[in-house]
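Asks: Work out the full structure: start from the sequences and follow the hints.
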Amino acid sequence: MFAVEISHVTKAFGTVKAVDDASFSIEKGELFGLLGPNGAGKTTCIRCMLDIFKPDAGTVVILGGPMSEAKKDRIGYMPEERGLYQDIPLERCLAYLGSLKGLSQAEVKKRSEGYLERFDLAAHKAKKVKELSKGMQQKAQIIATLLHQPELLIVDEPFSGLDPVNTQMVKDLLREQREQGVTVVLCSHQMNLVEELCDRIVLIDRGKVMLYGTLDEIRRQFSGHAVLVKSGAPLPALPGVERVEPVNGSYKLHLHTGARPQEILKMLVAKGVPLERFEISLPDLDEIFIRIVQGEGRVA
Amino acid sequence: MNKTLLVLKNEIITLVSRPSFWLSTLGIPLAGALIFAVVGWINRDAGTAAAVGELFRGPQEVRPEGYVDLGGIIEEMPETVPAGTFVAYPDEASARAALDSGEIAAFYIVPADHLRSGEITCIRPDFNPLASDSNQSGLFRWVLQVNLVDGDILLSNLVNGPLDVQDISLAPAGTAEGGMDNPLTMWTPYAVTLIFYFLIMGSASLLLSNISKEKENRIVEILLTSVNPHQLLAGKIIGLGIVGLLQTLLWVTIASALANRSGQIFQVASSLHLPASFIVWGLVFFVLGYAVYASLMAGLGALAPNLREASQVTFVIMLPLIIPLFFSNNVFAVEPNGPIATVLSLFPLSAPVAMMARLPAGGVPWWHPPLAAVLLALTAWLIVRMVAGMFRAQALLSGQPIQVKTYFRALFGKL
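Just so you know, the protein sequences line up as chains A and B, in that order.
82 is the number that the working numbering gives to position 82 of the first sequence; each next residue is one higher, with no gaps.
199 is the number that the working numbering gives to position 199 of the second sequence; each next residue is one higher, with no gaps.
Bear in mind the hints are in silico, worked out from the structure with no lab data behind them.
Glycine included, each C-beta is placed from N, C-alpha and C at the ideal position.
Where hints are given, some of them may not hold.
Listed below are several chain A residues computed to face chain B (Cβ distance under 8 Å; list not exhaustive) [as the list claims (entries may be wrong)]:
| id | residue |
| --- | --- |
| 1 | Y77 |
| 2 | P79 |
| 3 | R82 |
| 4 | G83 |
| 5 | L84 |
| 6 | Y85 |
| 7 | Y96 |
| 8 | S99 |
| 9 | L215 |
| 10 | L265 |
Residues from chain A shown here face chain B by an in silico Cβ test under 8 Å; the list is partial [claimed, not checked]:
| id | residue |
| --- | --- |
| 11 | V16 |
| 12 | I88 |
| 13 | L97 |
| 14 | K101 |
| 15 | L228 |
| 16 | K230 |
Replies: What follows is the structure in structure tokens.
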């Protein structure tokens, strides 16, 4: 069961294709990562998903069908470019945004009070939004996104501007949303956080889907270029190894293109090297991201 | 669910909770009331008025003046002329001697043939046109006039002009001519044109700044995921329009109260007859004019990346409202039912201001205001639809610079 299905979506501005034949699906209740370098087409993709932009080609199915006015109340979206009314008190700003999502005044009040307490903003609710710090505004934006308890939550760079304590709070909040059955789409450049939180990802570059799948699958796709070896003895020089890098008491052996990990293992055994550990080194998301963006990628 | 009402309510609450709104809403009438009160208080006491006058002009020295009456016209001074104001001299030489010695400030020579030529010569020691207030030639002329009618002051005043004119217009509709001799005829169209221009422009500009601010605050993307652009536009236009209308009604009420009060102060109300229908048409043309111009401004707000970029297009949009301002004195006052005034008041884009400038002049054919209102309503409907087409997410989220050409291409759906 999918919360969102994007099928061959293309959106161009003039001659520039911001999204080029993109297809991927987001499962209901999962925490999904949408990644890509700046200008890759992530935001346009989200806007097509939310029917803010009409795609030039392709289809978007969201919460079981095309976007409707009623469905807007079931979706929470926090764009990368934050937006709140600056000249009105925080409390009134949340009340208005909540009411636009179909909440009654009483519901807005009850829910916003809970979130304001949790985010340590209760003492600032009467202040004008422009009087709040950047971090506080960021938290207020998150509250505005969650207030109506959406089924589908799309958050674009939710950690920017937050200190480690608040970053942890937002991480917990996103996990909590997933546990409650909310589908969460996380757009972020912070690969360690995506790796930590997401079940599956899609990586977009120049409008095209470059990678799509579970994190494990993707890391395996990019494995095979290095092995991790732990041994009490020094490692001999081996053909097919480009360089050796010490990593936390082990050695990471970077292999030449074409060299296979099984051949390295055979050579180590043949040379009588006592092995405590031998495993294929899986690249982290940062590494994969850089390799894809620098042109080594494959179209999913 | 239609969220227009939520947007409308929010716009009203946001606007009326701003101190600047109350400053302008109450500040302008308060300033007007204060001016009226001060002027009224001054006028109630002529001595005080004179004292205030002296503050600006300095104390005025009234020195005696002489006259040489060669025609033998002045037999006696009217009682109301203070003794010593005018001193008689038998000939020009003795008067000139008195002038040289400083006994008198000036002297008049009434020639023997005054009754045929009507000439009087005034001799002053200097040429000072700015000091003309200080001589009493007007009073001397009046003294001559009273003596010519055998000292009958009332008759003399009636010769100057009838005291009370009852004005009954028998002119058929469409033939009213403005009387340039009455300053109210001249200034009323100008004032009405100016007031309507500012009311409509002020309210419409409010919408432009509101939308531009939402774009600059980047809240617009959040709004677009909660409410559709057409409901957003409708809520804003109606909400800000209601506030503008209530503000205008408040000003009109206060202005009307002040005008009634001014009857005692400036003698204005007795000369200015604005019928009740004028107020009704005023509301109709304000609402329709606002709908047209607020929509055009909203479209501009949707396209322009910020308020500064929008300003260059604002002038072009408001031009049809500005044009009647140029004609307010020389067309609406002189020829309120002439071809230029008629065309401007029927053309929908200039009608809100032009028709309101024509109406106080009177004589407007009865079918002109409803026809102009219908044409304006149709235009408003059309423009709201055209602007709704511009009020799309793609336009609202773009940060492209705007030009007049781009604006009109978008308005006509060619962008």
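Asks: Could you run down the list of hints and mark each one as holding or not?
Replies: Going down the list of hints, with the structure as the test:
1. Y77: 5 Å, holds
2. P79: 5 Å, holds
3. R82: Constraint on R82 of chain A satisfied, holds at 6 Å.
4. G83: Holds. Min distance 4 Å.
5. L84: L84 of chain A check passes; min Cβ-Cβ to chain B is 6 Å, inside 8 Å.
6. Y85: 6 Å, holds
7. Y96: 5 Å, holds
8. S99: The hint holds - S99 of chain A has a Cβ within 8 Å of chain B, the shortest such distance being about 5 Å.
9. L215: 28 Å, violated
10. L265: 53 Å, violated
11. V16: This interface hint is violated because 13 Å lies over the 8 Å limit.
12. I88: This hint holds: I88 of chain A lies near chain B, its Cβ roughly 6 Å from the closest one there, short of 8 Å.
13. L97: 7 Å, holds
14. K101: 6 Å, holds
15. L228: 45 Å, violated
16. K230: 51 Å, violated
Violation of the numbered hints given earlier is confined to hints 9, 10, 11, 15, 16; the remaining hints are satisfied by the structure.
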